[in-house]
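Student: Letter by letter, the chains look like this.
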Amino acid sequence: MQPDISVKHLNKVYGGGFQALKDVNLEIYPGEIFALLGPNGAGKTTLISIICGIVNKTDGEIRAAGHNIVTDYRSAREAIGLVPQELHTDAFERVWDAVSFSRGLFGKPPKPSHIEKVLKDLSLWDKRNNRIMSLSGGMKRRVMIAKALSHEPRILFLDEPTAGVDVELRRDMWEMVRKLRENGTTIILTTHYIEEAEEMADRIGVIREGEIILVEEKNQLMSKLGKKELRLQLQNPLDKVPGELTLEPVELSEDGYELIYTFDAQEQQAGVARLLRTLGELDIEYRDLQTRESSLEEIFVGLVHE
Amino acid sequence: MNLYGVRAIYKFEMARMRRTIMQSVLAPVITTSLYFVVFGSAIGSRMGAIENISYGAYIIPGLVMLSLLMQSISNASFGIYMPKFSGTIYEVLSAPVSYAEIVLGYVGAAATKSVILGVIILITARFFVDYHVLHPFWMLSFLVLTAVTFSLFGFIIGIWADGFEKLQIVPMMVVTPLVFLGGTFYSIDMLPQVWQTISLFNPVVYLISGFRWAFYGVSDVHVGISVGMTVVFLAACMATVWWIFKTGYRLRS
Numbered sequence: 001m002q003p004d005i006s007v008k009h010l011n012k013v014y015g016g017g018f019q020a021l022k023d024v025n026l027e028i029y030p031g032e033i034f035a036l037l038g039p040n041g042a043g044k045t046t047l048i049s050i051i052c053g054i055v056n057k058t059d060g061e062i063r064a065a066g067h068n069i070v071t072d073y074r075s076a077r078e079a080i081g082l083v084p085q086e087l088h089t090d091a092f093e094r095v096w097d098a099v100s101f102s103r104g105l106f107g108k109p110p111k112p113s114h115i116e117k118v119l120k121d122l123s124l125w126d127k128r129n130n131r132i133m134s135l136s137g138g139m140k141r142r143v144m145i146a147k148a149l150s151h152e153p154r155i156l157f158l159d160e161p162t163a164g165v166d167v168e169l170r171r172d173m174w175e176m177v178r179k180l181r182e183n184g185t186t187i188i189l190t191t192h193y194i195e196e197a198e199e200m201a202d203r204i205g206v207i208r209e210g211e212i213i214l215v216e217e218k219n220q221l222m223s224k225l226g227k228k229e230l231r232l233q234l235q236n237p238l239d240k241v242p243g244e245l246t247l248e249p250v251e252l253s254e255d256g257y258e259l260i261y262t263f264d265a266q267e268q269q270a271g272v273a274r275l276l277r278t279l280g281e282l283d284i285e286y287r288d289l290q291t292r293e294s295s296l297e298e299i300f301v302g303l304v305h306e
Numbered sequence: 001m002n003l004y005g006v007r008a009i010y011k012f013e014m015a016r017m018r019r020t021i022m023q024s025v026l027a028p029v030i031t032t033s034l035y036f037v038v039f040g041s042a043i044g045s046r047m048g049a050i051e052n053i054s055y056g057a058y059i060i061p062g063l064v065m066l067s068l069l070m071q072s073i074s075n076a077s078f079g080i081y082m083p084k085f086s087g088t089i090y091e092v093l094s095a096p097v098s099y100a101e102i103v104l105g106y107v108g109a110a111a112t113k114s115v116i117l118g119v120i121i122l123i124t125a126r127f128f129v130d131y132h133v134l135h136p137f138w139m140l141s142f143l144v145l146t147a148v149t150f151s152l153f154g155f156i157i158g159i160w161a162d163g164f165e166k167l168q169i170v171p172m173m174v175v176t177p178l179v180f181l182g183g184t185f186y187s188i189d190m191l192p193q194v195w196q197t198i199s200l201f202n203p204v205v206y207l208i209s210g211f212r213w214a215f216y217g218v219s220d221v222h223v224g225i226s227v228g229m230t231v232v233f234l235a236a237c238m239a240t241v242w243w244i245f246k247t248g249y250r251l252r253s
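Protein chains in written order, with the working numbering: chain A, 1 to 306; chain E, 1 to 253.
Since the hints were made in silico from the structure, they are not lab data. Keep in mind that a hint or two might mislead.
Unchecked claim - If the Cβ cut is set under 10 Å, some of the chain E residues that face chain A in the computed set are: (1) Ser45; (2) Arg46; (3) Met82; (4) Glu91; (5) His135; (6) Pro136.
C-beta: ideal position from N, C-alpha, C; glycine also.
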C-alpha cells in the first residue's frame with residue numbers, strides 16, 4: 001500500500017545551527033491514526049511544520065498523498081489539513097467566514113453544505129455568526145479544526161489538539177477523530193496526553209532529540225515494552241526475600257507485608273505459577289494478590305529517558 | 001492557478017476594509033479634506049496661480065498622491081503583518097497557493113482599497129476646489145500603477161516589520177517627508193537650482209509630476225520619465241518580493 005505520508009532521510013538544521021531533526025524516516029498509511037509522541041523540543045512540531053510547508057527542510061524527501069511536497073506542492077497541500085498547537089485565529093472574523101476562507105484558500109469552490117456539516121459536527125452551528133474573539137478557548141479550538149476540515153483533506157495533522165481543553169471536549173474530539181478515520185481520513189496527532197494516544201492511535205512513533213527512536217503498532221508496543229507487576233499481600237511480614245525466590249525478580253516492600261514480582265508482559269506467565277508454587281512450598285501465606293500492566297505513559301517515559 | 005485561493009485572500013482583505021471603514025476610508029478623506037480647506041480654499045485663495053493653475057487645483061494631484069501612497073503602504077503592510085503577528089500566517093503558508101498568488105491576493109486588495117480611496121478623495125475635492133482632468137486615461141493609469149507599486153512596497157514592509165512600531169516608521173519617517181518635499185504644494189521649478197537637483201533624487205517627485213501632468217498637462221519632469229521611474233520602482237519591489245519568497249525571509253524558517 002502506498003503511504004499517505006512518506007518521509008525519507010529528513011534533516012532540519014535551523015539558522016543558528018540547531019539540528020531539530022536527524023535523518024527522520026517515517027511512513028504513515030491511509031486510514032490510520034498515528035500518534036507522534038515526544039518530550040518538549042523533541043522535534044514533533046518541526047516535523048509537522050515541514051510536511052505542511054510552513055518550515056523549510058534542510059534535506060530529505062517528503063511525499064504527501066504520493067506528491068512531493070516541494071515539486072508538486074499544490075497537490076500535496078490540497079490533501080493536508082492542519083490544526084496547529086497554538087490557537088491562531090483571526091479574532092474579528094465570524095466563524096462561518098473564517099471556515100469558508102480556509103476552504104477557498106485551499107483551492108476548493110464554495111460548498112455551503114459541507115461547511116454547514118463541519119460546523120454542525122463540531123457543535124459550532126449555533127455560533128456560526130459569532131466573531132471568533134467572543135468564543136471560549138475550547139470553541140476556538142473547534143473553529144481551528146473546522147478550518148482544517150473545510151477543504152475535505154484526506155490527511156489531517158492534529159498538533160496537540162486537546163491541549164488546554166476540558167475533559168468533555170477532549171472526549172468529543174476523540175469521537176470526531178474516530179469518525180474521520182471511519183471515513184478514510186489519515187490522522188497524525190502529536191500529544192502530551194499519553195492517554196490520548198493509548199485511547200486512539202493505531203501506531204505510535206516516539207521522537208527524541210530529533211530522532212525517531214521507535215515506530216510500532218500500539219498493541220505490539222504495549223505488549224513488547226510493557227511490564228506486568230504482581231503484588232502479593234502477605235499474611236505475615238517477612239524480613240527478607242527468601243533465598244528460594246531469588247531466581248525471580250522479586251522485591252519486598254519496606255514493611256515486609258508485600259512481595260512485588262515484575263515481569264515482561266509478553267512472557268508466558270510461567271514465572272507467576274513458579275512463584276506461587278514456591279510460596280506454597282515455603283508455607284508463606286498471602287491474603288490478596290493484584291496484577292497490573294504498565295501504561296503507555298510508563299513505556300514512553302522509559303523510552304525517552306533511556 | 002488557485003483562483004479560489006486568490007479570491008479568498010482578496011475577499012478577506014476587502015472585508016477587513018469594510019470592518020475598519022472609519023480608519024481605512026473616512027480618516028484619510030477627512031484629513032485630505034482639511035488640506036483642501038486650509039491650503040486650497042483658505043490660504044490658496046490668497047496665493048497666485050502656478051503655471052496658470054489656481055493653487056487649490058494645483059495641489060490636488062499631490063494630496064491625492066499623499067493619501068494613495070500612505071494608504072497603499074499602510075493597507076498592504078498591515079494586511080500581511082497581522083497574520084504574522086496573530087500566527088494565522090500558518091494557514092497561508094500551508095495552503096496550495098503560489099507566492100505570486102499570495103502577492104496577488106494581498107497586494108491586489110490593498111491596491112483596490114487605495115484606488116477606491118483615491119477616487120473618493122477626488123470626488124470630495126470637487127466640493128472645495130474646481131479642477132479638471134486633461135488625460136483621464138493617464139490619470140487612472142498613474143493612480144493604479146502607483147497604488148500597485150506602493151502596495152508592493154507596503155507588503156515588503158509588512159514582512160520586514162517585527163513590531164507595530166516598524167510598520168509606522170517607513171510611512172511616517174520616510175514617505176511623508178518625501179511627499180511633502182516632492183512637489184505636493186509647489187513646483188520644484190520654484191526652488192533654488194541646488195534644491196531642484198536634490199529633489200530629482202526624490203522618487204515621489206516623478207509620481208506627483210506625472211500625476212499632475214495627467215490633470216493639467218504641466219509637469220516638473222517629462223511624463224515619460226515619470227512613467228519610467230514608477231515602473232523601475234515597481235520592478236525593484238517585485239524583485240524584492242521574489243527574493244523574500246525564494247529565501248523565506250521572515251516567513252519560513
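Student: Indicate, hint by hint, whether the structure satisfies it.
Tutor: These are the hints, each one checked on the structure:
no. : hint   : verdict
1   : Ser45  : violated, 44 Å
2   : Arg46  : violated, 46 Å
3   : Met82  : holds, 8 Å
4   : Glu91  : holds, 6 Å
5   : His135 : violated, 38 Å
6   : Pro136 : violated, 35 Å
The structure shown violates the earlier hints numbered 1, 2, 5, 6.
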